[in-house]
Amino acid sequence: MQSPPTTQQHHFNPRSGMTLPTTQPRPRATHPGDSSRSPVVTAGNAGAGAPSRAAGKASGASATGGAGATRGAEPLLEVRGLKMHFPVREGLFLRASRSNRAVDGLDLALASGETLGLVGESGCGKSTLGKCIVRLYRPTAGEIIFQGSDLAHASGAALKAQRRHLQMIFQDPVESLNSRHTVGDIVAEPLAIHGLGDAAWRQAKVRELLDRVGLPANAATRFPFEFSGGQRQRIGIARAIALGPRLIVCDEPVSALDVSIQSQVLNLLLELQRDMQLSYLFIAHNLAVVKHVSDRIAIMYLGKIVELAEADEIYRRPRHPYTRALISAIPEPDPLRKKQRIVLQGDVPSPIDPPSGCAFHPRCPHATDRCKIEAPALRETSLAGGAHAPKGTRQNYGNSEGENDNGSSRAAPAAPPPPAARHQVACHYDL
Amino acid sequence: MTPHTPEPTADAAPPILTVKDLVTTFDTDAGRLTAVDGVSFSVRRGRTLGLVGESGCGKSVTACSIMRLLPQPMGRIASGQILFDGQDLVTAPPEHMLKVRGGQIGMIFQEPMTALNPVHTIGRQLSEVFLLHRTRDRREALALSAGILAKVGIPSPEVRLGEYPHQLSGGMRQRVVIAMALACKPAVVIADEPTTALDVTIQAQILELMQSLQREMGMAILLITHDLGVIAEMCDDIVVMYAGRIAEAGPVEEIFAAPRHPYTRGLLDSIPRLSTPRKARLNTIEGMVPGLADMPTGCRYQNRCPWRADICASPPPEQVIVPAATAPGTTKAGPRDSRENPVAGTPCRESRAADSFLWPKALSPRHQQSTPATAGKNNPAHHPCRESVNGGAPHPAAARVACHRWQELPTYRRPDHPL
Chain A
5 MQSPPTTQQH HFNPRSGMTL PTTQPRPRAT HPGDSSRSPV VTAGNAGAGA
55 PSRAAGKASG ASATGGAGAT RGAEPLLEVR GLKMHFPVRE GLFLRASRSN
105 RAVDGLDLAL ASGETLGLVG ESGCGKSTLG KCIVRLYRPT AGEIIFQGSD
155 LAHASGAALK AQRRHLQMIF QDPVESLNSR HTVGDIVAEP LAIHGLGDAA
205 WRQAKVRELL DRVGLPANAA TRFPFEFSGG QRQRIGIARA IALGPRLIVC
255 DEPVSALDVS IQSQVLNLLL ELQRDMQLSY LFIAHNLAVV KHVSDRIAIM
305 YLGKIVELAE ADEIYRRPRH PYTRALISAI PEPDPLRKKQ RIVLQGDVPS
355 PIDPPSGCAF HPRCPHATDR CKIEAPALRE TSLAGGAHAP KGTRQNYGNS
405 EGENDNGSSR AAPAAPPPPA ARHQVACHYD L
Chain B
15 MTPHTPEPTA DAAPPILTVK DLVTTFDTDA GRLTAVDGVS FSVRRGRTLG
65 LVGESGCGKS VTACSIMRLL PQPMGRIASG QILFDGQDLV TAPPEHMLKV
115 RGGQIGMIFQ EPMTALNPVH TIGRQLSEVF LLHRTRDRRE ALALSAGILA
165 KVGIPSPEVR LGEYPHQLSG GMRQRVVIAM ALACKPAVVI ADEPTTALDV
215 TIQAQILELM QSLQREMGMA ILLITHDLGV IAEMCDDIVV MYAGRIAEAG
265 PVEEIFAAPR HPYTRGLLDS IPRLSTPRKA RLNTIEGMVP GLADMPTGCR
315 YQNRCPWRAD ICASPPPEQV IVPAATAPGT TKAGPRDSRE NPVAGTPCRE
365 SRAADSFLWP KALSPRHQQS TPATAGKNNP AHHPCRESVN GGAPHPAAAR
415 VACHRWQELP TYRRPDHPL
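Protein chains in written order, with the numbering used here: chain A, 5 to 435; chain B, 15 to 433.
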């Protein structure tokens, strides 16, 4: 397992029973020190100064199946001040006089093995954020630090190398699969793009991947239209895990599926996360689904995060009026629980011409004059867990899933409070 | 309306729309496929009936059959009755259907973008309904349109009348579609996945709107959705469909509290709820709905059912009226039930007392005791509920289930139950 890195290096994971290409196979890795490290140990452990932990994880994680996630001292992904403005071309000469501020100054961090849920209404910029992170869009401003290197300004070979660790699962399982390619071709395409193995190896690999996501082996020779929605989404998942990524951006992966199929796919995603130590950025509008899979949840409104907290915390003690309305709007499958719905009036305003001050104020039942003028910043709420860390320590988000006992060797006595206790909200008032 | 209707209990409203043994077929290259196979239910006046099931189980085909909007020439209603206000819509002449559609039965479609014509203004599309059913005067039709737009909560309706669908947001478009459906104050509104394409906050707005309009105008709603949460919030009664047949039907509290069909249980168990522990493995229904061309004989759910036994492969299960479980000892369906259901009544509670350790064994002695009853169930002539489902009308609110083994299932316990 600790074989020296070559271009063809595979890591056998006994739990999943499949050989995955290692995460950093190439000597021309983008950040220093990579080539000397064992593949699974790569990101997140560089600065921690805990070689025993690193080694322990490399063996332990694959032996036990790694119920928990890596606790990196550095987040796997950090987004700082991200802006994505699309020019709106209008008028006689199609001048870009205004812009659509789809993502407008957004910070977040994601630890290795963590799932960050991203919730918001359509048009709030959550999919744009996801696409920026995998660099399908080039952001207008800001940084996307992934495994220590900035993706926002990367291009060419450096970007391609990083994309191996960064995959995406799309919402529409029909449109995200090329209908003229066989499933085998679709799943093997990432392997081919990154020049892994020869054709025979790729074929075997495709079979493994299909088996891993619960599709029959003969699926490889068939076409996407021969499969149902749930199976197509499995094909999309097989393609996303083909390169053994560290982070998968899941853009509404189950929204198009029936409930019974939805739970199958959610179980698969959770299983894969355990077995492959994946991190997810899980974008969805179904809050019950997001809460089920996420460690932390960020609520977005008009291109900004309005509330960010540990998943149970955000449901138990939502602080932002928008979050409260969202949660109260979820129809609970329990006819006896007739709860008080907070019905928001109106729609999400246009991000081309956002309201002044707090973007939520036109729909907010608690809005005051201050809200119309002054935009609230994301701040720590005072009541969350007592201790609240100052800003700037944000990179120390870990996995809030507390049961990972490997984390007992957590270094750094000076570490800020566990992220589970942190609850950030962008509202002027403590409601 | 029907002579067999029992004395109405406190919450019973008379049915306004009754579907009896509806069979809808499609002629395809693969031969004649039966999409809806013997579906019966009643929508009660002023109440909401939810039709739930996975995609491909025949919900929308049922709705299109009621409206006689099946794709021609492939789709046809092979047999059955659709009684609306005493008249059978299956045999009604096309001219009569023109009056019914939009006039007496309104329909709300899923995709507000495709339901509206992009090249006509809102005003033109909306006033068309009035021109067909109410008036010949364009001006008056436009004025009526403005009125109904205001009613569904669209600000400055006169301005909106001159706009095109793309100028409206998704929620606004759905309001326009609702306005069209309600324009002529229909007695029944069929809502086919009205909020599936919308955000939760907008969904809450639309559901609230539908509820308040129902209170005000007293129409009955047939709500088709796959979202059990929406069903729980909106409906009085629920019909669970699987692969073209009814798996289970009854009052919504009853079905959610004590689902008897394994499919209903599977559906209820597989939704992540706010109260389920995070990252816990969700219960699933393995596999998927079989295609119309390769339906298993017998129970159509057998391939996915954790409680499958040999009996499931033989004739399809009949619908049995079951006693209410929510309030033991009382049956919602009134005296008719206790008279008719010696079979269904007692062993049910017995087997529930016997509980879960029994079911993995194929048939325990206790179950063999009830074999005469089960045998009777398969014989149409002897089955006490047979004529009530097919012949007369069952009590509109009675719970019924179509499963051979419903008496043997353990008591239902929600997955997020504290114990």
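Keep in mind the hints are simulated off the structure, nothing from the lab. Treat the hints with care, as some may be off.
To be verified - Incomplete in silico selection of chain B near chain A, CB under 8 Å:
1) V37
2) S170
3) P171
4) E172
5) Q181
6) G185
7) D213
8) E247
9) E267
10) G280
11) I285
12) R295
13) L296
14) N297
15) A307
16) M309
C-beta: ideal position from N, C-alpha, C; glycine also.
*Hints breached by this structure*: 1, 2, 3, 4, 5, 15 and 16
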